[in-house]
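Trainee: Here are the chains, one letter per residue:
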Amino acid sequence: MGKILVLAEHRQGVLRDISYEMMAIAPKLAEEMGAELETLLIGSGMDEMAKELSGYGAKVNVIDDPVFENFNAEKYQKALSALIDNMKPAVLIAPHTAQGVDFMPSLAVEKKLPLVAEAIDLTYEDSTLKATRTMYSGKVNATVAFKPADTCLVTIREGAVEAPEPAAAGDVEKIESPLKEDLSYRQFVEYIEAEVGDVDITQSEILVAVGRGLKEDKNLPDIEELAMAIKADIAGSRAATDAGWIPHDRQVGTSGKTVKPKLYLALGISGAFQHVAGMKGAKTVVAVNKDPEAPIFNVADYAIVDDMFKVVPALKEKLKEMKG
Amino acid sequence: MKSFVCIKYVPDTSEAEVKVNSDGKTVDDSKFSYDINDADNYAVEESVLIKEDKGGEVDVVSIGPKQSEVMIRMALAKGCDRATRIEDERIANHDPLMVARVLAGAIKDQEFDLVFTGCWAEDDGHMSTGVALAEELGVNHASMVKKVEVLDGKVRAHRELEGGLIEVVELELPAVLTIQTGINEPRYAPIRGIRQAQKKELNVLNLDDLGVDPSEVNLDASGVILESLYIPEIESAAEFIEGEPEEKAEKLASILVKGGLV
Ligand SMILES: Cc1cc2nc3c(=O)[nH]c(=O)nc-3n(C[C@H](O)[C@H](O)[C@H](O)COP(=O)(O)OP(=O)(O)OC[C@H]3O[C@@H](n4cnc5c(N)ncnc54)[C@H](O)[C@@H]3O)c2cc1C
Ligand SMILES: Nc1ncnc2c1ncn2[C@@H]1O[C@H](COP(=O)(O)O)[C@@H](O)[C@H]1O
Chain A
1 MGKILVLAEH RQGVLRDISY EMMAIAPKLA EEMGAELETL LIGSGMDEMA
51 KELSGYGAKV NVIDDPVFEN FNAEKYQKAL SALIDNMKPA VLIAPHTAQG
101 VDFMPSLAVE KKLPLVAEAI DLTYEDSTLK ATRTMYSGKV NATVAFKPAD
151 TCLVTIREGA VEAPEPAAAG DVEKIESPLK EDLSYRQFVE YIEAEVGDVD
201 ITQSEILVAV GRGLKEDKNL PDIEELAMAI KADIAGSRAA TDAGWIPHDR
251 QVGTSGKTVK PKLYLALGIS GAFQHVAGMK GAKTVVAVNK DPEAPIFNVA
301 DYAIVDDMFK VVPALKEKLK EMKG
Chain B
1001 MKSFVCIKYV PDTSEAEVKV NSDGKTVDDS KFSYDINDAD NYAVEESVLI
1051 KEDKGGEVDV VSIGPKQSEV MIRMALAKGC DRATRIEDER IANHDPLMVA
1101 RVLAGAIKDQ EFDLVFTGCW AEDDGHMSTG VALAEELGVN HASMVKKVEV
1151 LDGKVRAHRE LEGGLIEVVE LELPAVLTIQ TGINEPRYAP IRGIRQAQKK
1201 ELNVLNLDDL GVDPSEVNLD ASGVILESLY IPEIESAAEF IEGEPEEKAE
1251 KLASILVKGG LV
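Protein chains in written order, with the working numbering: chain A, 1 to 324; chain B, 1001 to 1262.
Wrong hints could be hidden among the right ones.
[What the hints assert, rightly or not] Straight-line alpha carbon distances no greater than 27 Å define the calculated DSSO-like cross-link-like pairs of lysine-lysine that follow: (1) K1031/B - K280/A; (2) K318/A - K1251/B; (3) K1146/B - K320/A; (4) K1146/B - K290/A; (5) K320/A - K1251/B; (6) K323/A - K1054/B; (7) K1146/B - K147/A; (8) K1146/B - K1054/B; (9) K1147/B - K257/A; (10) K130/A - K1025/B; (11) K215/A - K1146/B; (12) K1025/B - K215/A.
These aren't lab readings, by the way, just hints derived from the structure by calculation.
Whenever a hint applies, use it, and build me the whole structure from the sequences.
Mentor: Laid out in structure tokens, this is it:
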């Protein structure tokens, strides 16, 4: 029944992980729906990436045109709008990323199609496409059902599932760019690389990370002393860097750094998935949070449900004592 | 510069216990404290900064209950000029495309250069409303914006991508910008501003007042159905350390030292 089209994502010449992650969700859905699965790549100079993507067994449709040299929401929307008319996919799956969120909602409005944003899973039951998504800082899951539509639009959260191993090779087919003229309402200017600071936390062995639970920067000295006692570097959640307590280049998470220390101490951090995505590679995670329901405990090895301001000073003293 | 800023009244659930009501479709919000959505607070600040720099006016738009007027007055106290609060039970709130259509109804017949939204609402977090709103209004947009420079007839927006990479784009005005947290330092409302805010215009409108056809934004118009809400199973494999705070600290210290972790 119909076709599932998965839009892959690339940036600065490489396919991003989400492109593979979607191939953990889409084939299962294709089987449930009895649908054909194909992927789509849009860009300029796409041969290598197309070959790589074809390793997942699904046919890769490629629009390879200099017009698409840099990502541009406007052009992506125009191209996808035309492809929806031509290919009539039953489902269009795109990444829920800074790229995907920049054109999928406007595409949905333009084409009068339903959209579910940031799904973590998709199923097909009783002839209905259903998506699972999260709400209230990850404390609640929602099941959302699509009403019958010509094409259902979905974006998939990054890091929600493990990418599968490449399997059989699929075909690559170049399709002509549906975009005939260049658009000028919106222009790419440049990329600016993320700031680099004095410490590269991606290389740190031990990290003490603080979140909004720190409340004020005058509470930092205790944290700094703890870090000093165990030769750790200090990092923070986005809430801590937005507040200016911790430098921006020390933000852990999807829009910050991905860290993989031996030990990660999360103090007053709730564990939003955007944060967890950046630290789940840590070997041992210790979380201190006064909320027993905090999602950070799902990724912790050692958990303390308590006020960090009571635990941290005592911890610092004990560690100093024991390490002599 | 004439701007609009869309703000949402959301519960703070970072420390609260969240329970699903017996209807399986709503959460028990009786114990939540509500305030402005974090990203929207930055959007308000950005709109006021641009007004202070370039002149002009800022209108606040919010779909929400009577209680949210405290939040709206606060935005007025920070320098926004007037506000529209939309309240109508017929709006399909679970669908950002329907919400965007209603917001567009409040904006589209007026002149504007910029519309600001947050990039993400903390409660249902679709990250979709602003970009959908741009399409409803038929104007350009840039999402996840962390820096704005207003040029002649154009705006230069710094978009924050994964890993902190910035993509700089230029758009012709008018445009919608969805604002990411950390773009500025939101001010506290000055006492004088709080007094003035009481006198600023705050109109309360429903769909009929806006001229929005309810059948275009209600549950029937939405292409998606919110079937159920549930609390995800906690998959914590963590060892929970018990005792008084000092005992917990001592136990943790010895785990870390004996385990060779520090
Ligand atoms: C596009 C996008 C990208 C993002 N990228 C990132 C990212 O890279 N990194 C990131 O971290 N976030 C990111 N976020 C934000 C993320 O969704 C969360 O808002 C953020 O991680 C919350 O930070 P927090 O845990 O410090 O604060 P909160 O969620 O407010 O949590 C504070 C926690 O502290 C606890 N607490 C309070 N007081 C105490 C106390 N005295 N003792 C112990 N515990 C206490 C509370 O119980 C609560 O759990 C992003 C969001 C978006 C939309
Ligand atoms: N009820 C509402 N009233 C006003 N603005 C809203 C409302 N819902 C969403 N928005 C705006 O849309 C943004 C993104 O919301 P969302 O797409 O749900 O993540 C928010 O940050 C607000 O600026």
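Trainee: None of the hints should be skipped; say for each whether it holds.
Mentor: Outcome of the hint check:
no.	hint	result
1	K1031/B - K280/A	violated, 32 Å
2	K318/A - K1251/B	holds, 9 Å
3	K1146/B - K320/A	violated, 41 Å
4	K1146/B - K290/A	violated, 31 Å
5	K320/A - K1251/B	holds, 14 Å
6	K323/A - K1054/B	violated, 59 Å
7	K1146/B - K147/A	violated, 36 Å
8	K1146/B - K1054/B	holds, 19 Å
9	K1147/B - K257/A	holds, 20 Å
10	K130/A - K1025/B	holds, 15 Å
11	K215/A - K1146/B	holds, 23 Å
12	K1025/B - K215/A	violated, 33 Å
Of the numbered hints listed earlier, those contradicted by the structure are 1, 3, 4, 6, 7, 12.
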